[in-house]
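A.B. asks: Please build the complete structure, drawing on both the sequences and the hints.
Protein chains in written order, with this note's numbering: chain A, 1 to 560; chain B, 1 to 560.
Keep in mind that the hints were calculated from the coordinates and are not lab data. One should not assume that every hint holds.
Since the list can't tell identical chains apart, any single copy or any two copies may satisfy a pair.
Mimicking PhoX-like on lysine-lysine, the simulated pairs with C-alpha atoms at most 25 Å apart in a straight line are [unchecked claim]: (1) Lys399 / Lys480; (2) Lys162 / Lys92; (3) Lys293 / Lys489; (4) Lys484 / Lys24; (5) Lys17 / Lys159.
Number of protein chains: 2
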Amino acid sequence: MFIPAIKGQGTEEQQHKWLPLAYKMAIIGCYAQTELGHGSNVQGLETTATFDPTTDEFIMHSPTVTSTKWWPGGLGKASTHALVYARLITDKKDHGIHAFIAPIRSLEDHTPLPNVTVGDIGVKFGNGGYNTMDNGFLRFDHVRIPRENMLMRLATVTKDGKYVRSNKPRQLGYGAMVFVRQGIVIDASIYLSRAVTIAVRYSAVRRQFGNKDEPGELQVIQYRTQQSRLFPLLATAYAYRAVGFWMKSLYADVMKRLNDNDFSTLPEVHACTAGLKSITTSVTADGIEECRKLCGGHGFLCASGLPELYAAYVPACTYEGDNTILLLQVARFLLKTLSQVSKVRPVGTAAYLGNIKQLSTQNCKVSQGHDWLNTSVLLEAFEARSARQAAAVALRLAKGSGSEAEFQENTPELVESARAHCQLILVSKFIEQLQTGTPEGIRKQLEVLCYTYAFSQLIDNAGDFLATGYVTGNQIALAKEELKHMFDKIRPNAVALVDAFDHTDDYLGSALGRYDGDVYTHLYKGAFKESLNDTVVVDGYEEYLKPVLTQNLWAPHSKL
Amino acid sequence: MFIPAIKGQGTEEQQHKWLPLAYKMAIIGCYAQTELGHGSNVQGLETTATFDPTTDEFIMHSPTVTSTKWWPGGLGKASTHALVYARLITDKKDHGIHAFIAPIRSLEDHTPLPNVTVGDIGVKFGNGGYNTMDNGFLRFDHVRIPRENMLMRLATVTKDGKYVRSNKPRQLGYGAMVFVRQGIVIDASIYLSRAVTIAVRYSAVRRQFGNKDEPGELQVIQYRTQQSRLFPLLATAYAYRAVGFWMKSLYADVMKRLNDNDFSTLPEVHACTAGLKSITTSVTADGIEECRKLCGGHGFLCASGLPELYAAYVPACTYEGDNTILLLQVARFLLKTLSQVSKVRPVGTAAYLGNIKQLSTQNCKVSQGHDWLNTSVLLEAFEARSARQAAAVALRLAKGSGSEAEFQENTPELVESARAHCQLILVSKFIEQLQTGTPEGIRKQLEVLCYTYAFSQLIDNAGDFLATGYVTGNQIALAKEELKHMFDKIRPNAVALVDAFDHTDDYLGSALGRYDGDVYTHLYKGAFKESLNDTVVVDGYEEYLKPVLTQNLWAPHSKL
Numbered sequence: 001m002f003i004p005a006i007k008g009q010g011t012e013e014q015q016h017k018w019l020p021l022a023y024k025m026a027i028i029g030c031y032a033q034t035e036l037g038h039g040s041n042v043q044g045l046e047t048t049a050t051f052d053p054t055t056d057e058f059i060m061h062s063p064t065v066t067s068t069k070w071w072p073g074g075l076g077k078a079s080t081h082a083l084v085y086a087r088l089i090t091d092k093k094d095h096g097i098h099a100f101i102a103p104i105r106s107l108e109d110h111t112p113l114p115n116v117t118v119g120d121i122g123v124k125f126g127n128g129g130y131n132t133m134d135n136g137f138l139r140f141d142h143v144r145i146p147r148e149n150m151l152m153r154l155a156t157v158t159k160d161g162k163y164v165r166s167n168k169p170r171q172l173g174y175g176a177m178v179f180v181r182q183g184i185v186i187d188a189s190i191y192l193s194r195a196v197t198i199a200v201r202y203s204a205v206r207r208q209f210g211n212k213d214e215p216g217e218l219q220v221i222q223y224r225t226q227q228s229r230l231f232p233l234l235a236t237a238y239a240y241r242a243v244g245f246w247m248k249s250l251y252a253d254v255m256k257r258l259n260d261n262d263f264s265t266l267p268e269v270h271a272c273t274a275g276l277k278s279i280t281t282s283v284t285a286d287g288i289e290e291c292r293k294l295c296g297g298h299g300f301l302c303a304s305g306l307p308e309l310y311a312a313y314v315p316a317c318t319y320e321g322d323n324t325i326l327l328l329q330v331a332r333f334l335l336k337t338l339s340q341v342s343k344v345r346p347v348g349t350a351a352y353l354g355n356i357k358q359l360s361t362q363n364c365k366v367s368q369g370h371d372w373l374n375t376s377v378l379l380e381a382f383e384a385r386s387a388r389q390a391a392a393v394a395l396r397l398a399k400g401s402g403s404e405a406e407f408q409e410n411t412p413e414l415v416e417s418a419r420a421h422c423q424l425i426l427v428s429k430f431i432e433q434l435q436t437g438t439p440e441g442i443r444k445q446l447e448v449l450c451y452t453y454a455f456s457q458l459i460d461n462a463g464d465f466l467a468t469g470y471v472t473g474n475q476i477a478l479a480k481e482e483l484k485h486m487f488d489k490i491r492p493n494a495v496a497l498v499d500a501f502d503h504t505d506d507y508l509g510s511a512l513g514r515y516d517g518d519v520y521t522h523l524y525k526g527a528f529k530e531s532l533n534d535t536v537v538v539d540g541y542e543e544y545l546k547p548v549l550t551q552n553l554w555a556p557h558s559k560l
Numbered sequence: 001m002f003i004p005a006i007k008g009q010g011t012e013e014q015q016h017k018w019l020p021l022a023y024k025m026a027i028i029g030c031y032a033q034t035e036l037g038h039g040s041n042v043q044g045l046e047t048t049a050t051f052d053p054t055t056d057e058f059i060m061h062s063p064t065v066t067s068t069k070w071w072p073g074g075l076g077k078a079s080t081h082a083l084v085y086a087r088l089i090t091d092k093k094d095h096g097i098h099a100f101i102a103p104i105r106s107l108e109d110h111t112p113l114p115n116v117t118v119g120d121i122g123v124k125f126g127n128g129g130y131n132t133m134d135n136g137f138l139r140f141d142h143v144r145i146p147r148e149n150m151l152m153r154l155a156t157v158t159k160d161g162k163y164v165r166s167n168k169p170r171q172l173g174y175g176a177m178v179f180v181r182q183g184i185v186i187d188a189s190i191y192l193s194r195a196v197t198i199a200v201r202y203s204a205v206r207r208q209f210g211n212k213d214e215p216g217e218l219q220v221i222q223y224r225t226q227q228s229r230l231f232p233l234l235a236t237a238y239a240y241r242a243v244g245f246w247m248k249s250l251y252a253d254v255m256k257r258l259n260d261n262d263f264s265t266l267p268e269v270h271a272c273t274a275g276l277k278s279i280t281t282s283v284t285a286d287g288i289e290e291c292r293k294l295c296g297g298h299g300f301l302c303a304s305g306l307p308e309l310y311a312a313y314v315p316a317c318t319y320e321g322d323n324t325i326l327l328l329q330v331a332r333f334l335l336k337t338l339s340q341v342s343k344v345r346p347v348g349t350a351a352y353l354g355n356i357k358q359l360s361t362q363n364c365k366v367s368q369g370h371d372w373l374n375t376s377v378l379l380e381a382f383e384a385r386s387a388r389q390a391a392a393v394a395l396r397l398a399k400g401s402g403s404e405a406e407f408q409e410n411t412p413e414l415v416e417s418a419r420a421h422c423q424l425i426l427v428s429k430f431i432e433q434l435q436t437g438t439p440e441g442i443r444k445q446l447e448v449l450c451y452t453y454a455f456s457q458l459i460d461n462a463g464d465f466l467a468t469g470y471v472t473g474n475q476i477a478l479a480k481e482e483l484k485h486m487f488d489k490i491r492p493n494a495v496a497l498v499d500a501f502d503h504t505d506d507y508l509g510s511a512l513g514r515y516d517g518d519v520y521t522h523l524y525k526g527a528f529k530e531s532l533n534d535t536v537v538v539d540g541y542e543e544y545l546k547p548v549l550t551q552n553l554w555a556p557h558s559k560l
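C.D. replies: Structural data, given as structure tokens:
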């Protein structure tokens, strides 16, 4: 984030000066935005950068404990420079948050510079995961930096202290945002596919119980209870992959438009990518943990590879936009789109809202199970449900005065409405990707996964679908049966479908998820690498255990 | 488990011999049941204990890698003896699984005994949590133990190798099971209340964003999105406490009946306690993690106390019965109860099924929000939903041939039905506890929590309630409004309601959940205890960082 931020907010001169240094590791930079008391609300940051025209410098200062920079990765022990977000103050006037490059450690001996307090914020979730990152804290006590260290692409402070906004369109930053979010969705697919690979392979190896009809124990992957938790996640990993690829084309389109100064699609693109970031990261984090649980007791061992996968992934729900706040942004977009729908034709992923009248009146026509095996039927179900939820909450709000308090009062419903919209996008883009020149054999497999994904989303959110009146309980029951048929189609290919992700054993780092399935031998062998097993008799035996074992020191009825 | 198992399965003579040694720590025992390849299915264990009448000994043996004992707590480095579950073989006949006391380490120098291989299984989820426990592995290579080391309360092997079952009723073991599960439910309440205490207190301290109408940032506890995730968990912690207390009386009742050789209530008690163990541990594990997420970025720091709380708690979903398998046991009980309902009047927590005809035909009568504020109305909703779900799956199965394969095919619906039954028990027991002599002021607060719990369960499972046809979408919407009114009543007392759990700062171990609310100072001070901050310049700077910073070793265009 240090380098993209300089690219986005620095003048060409500043980019020319700082980027080569950062690329060459002649300096190590970190992105110092969040503070101990301030995360998502950037406008609430407290660090100040006060211009002193007498010396042509900014005075960087941390006025309170809560203004301490907190969390920046690489800050704790490594960084020599920090890109500090601070309130710009000139002549006692607060111009809001701007970015400044502050040297924080000596380039001679790496010691913190005078009046800079910097260190590591401590241990984080998991044994590995993010603990290899030196997330840090940083305080300034009236530290002076040259005026030219303020990134001045969007606004300038002159030598005599005048604040001047540039006329560069602020929307240019949106391109980078779409790019980053596309990467996050692809990452979600990769992380989820890693967890699913481990859980599917182990479920094919692990045997438990059996039935009278067959000898021996059954592979746990044969059990419907296992399939109904595992196969939807397998399908989800494929869905996110499809959507991630689609977002690549979305990014290309956005960049083309930005170059032509066409900002018309930005609100829709912003809402779509915010929502997809939110949904895919939340589902992936929970999905990794679900895969760990699906591996039973052994999933709790780090040797399964799953505890660390979870701990390393789950921060994605918080960084680059807290997932709940992002959904509220989507909801605001939906409300605005609906309010203008008679005048402005909705575009892109919101286009279906143009059809709201029909979606609000026609109900689902499914009468037999196989009626569900139709992508148009499925798409319309997700469109109708999303349109109806959005319309319902819009109607409630329209009855009020339009105050922020009323918006707040309805945020649970708004979040649900945003989630419905995003689930529609995911289903629809997965369906679209099926139709883009995939060879028939692969397309057939993907179609099974696509139906699995759509049906499981429909069933998991049955309360919403039913409450909008679009489907009936019987139609949901039919979808449940169709979903089981899909499980039967996935089952014989499940291992091949995860092998297709092409993760190496080394990359998975899991005794349970080995390609060769030789799980138990490697769990057993692996235990001998545990350092507690370096000695036959545990350290501390002589001092602590032996006296107890031989002298009954803890005997409850002893007189000691 | 070592001591209760000896109590339950040892003869009086064996209890007299082994229990004093175990209590006095003159020996350290572990409960060695699970194997590398075998967990929930105890009948699948592979370790053998073959009787040799020529020496009056059992030969303990681990014939395969998968027969390696794996997971027993205390086995890895501490135990001197293991209570080993193994297949008893006399004269080439397999009598199934029995328990044996096997010495595994020398009482002189703690080294493993000859032909015993024992060690620690390695690192587990979390930085702390269960990593303080030496879960271990154990293999025997034809290790001989005296015949008298077989626990012989329920079955005996005579000196000449005859296998004789005792006539002690096997149901006596159920008392211990109810006792253990009651403890698990109370534990769930305690763990969840710890997480909720941290999240509620921090939510009252943390401020973020604001609205035009008020100055400064708002406490995040004011936000409906935060309340709608946090307050139901607060109510759940209270619900589990109430149910845990009720289980104490259930245990007393069971013990009284067992002493009178009255086993009539056991199937119902078994199903009820199995289901409550399953639901409360699953919800608590997810609830702790949800509380961590509700603390935003700082929840990811171990200083929040939440990562380790989760890692330490989540094994409860697996031990003492895997949660999915337990729900299937509940489902089997429900099916059996329904099949006999015309002949045998269901008792206890299943009594409502006696009323199934009425519950299947009369629908919810709520027409305005406040109609929901009636515990009878709520109870009937949960009863009707559970009865209808159970009846629906029973009907599907009744149409078939009664094969195990058909049962398997319907396990997803069976699990849902079991969950519905358990949610009813939880709601009904919380309501009952309100009515048991609680002072009026406290009762009023508990009533708000009870409604909060019931409404949030109703809404979270709206899909089920709607699909059974008992409620309408509009009735669900009315419940959502009532739930918000409950949030308004909880909000001013939320901190007091968690203070009432009376957890000390020391016990919580959380900078975010401090009683005094001085969160930021203590997060900041706490960071200085991180060992990375013991040195100002990080170890490795001279060897690794400095050469890069000063010689541009990694420069992309460098010729190096």
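A.B. asks: Now look at each hint and say whether the structure bears it out.
C.D. replies: Hint check:
1. Lys399 / Lys480: between (38 Å within a copy, 18 Å between copies)
2. Lys162 / Lys92: within (12 Å within a copy, 97 Å between copies)
3. Lys293 / Lys489: within (24 Å within a copy, 36 Å between copies)
4. Lys484 / Lys24: neither (55 Å within a copy, 56 Å between copies)
5. Lys17 / Lys159: Cα proximity of Lys17 and Lys159: one copy only (19 Å, versus 90 Å across).
Checked against the numbered hints listed earlier, the structure breaks hint 4 alone; every other hint is satisfied.
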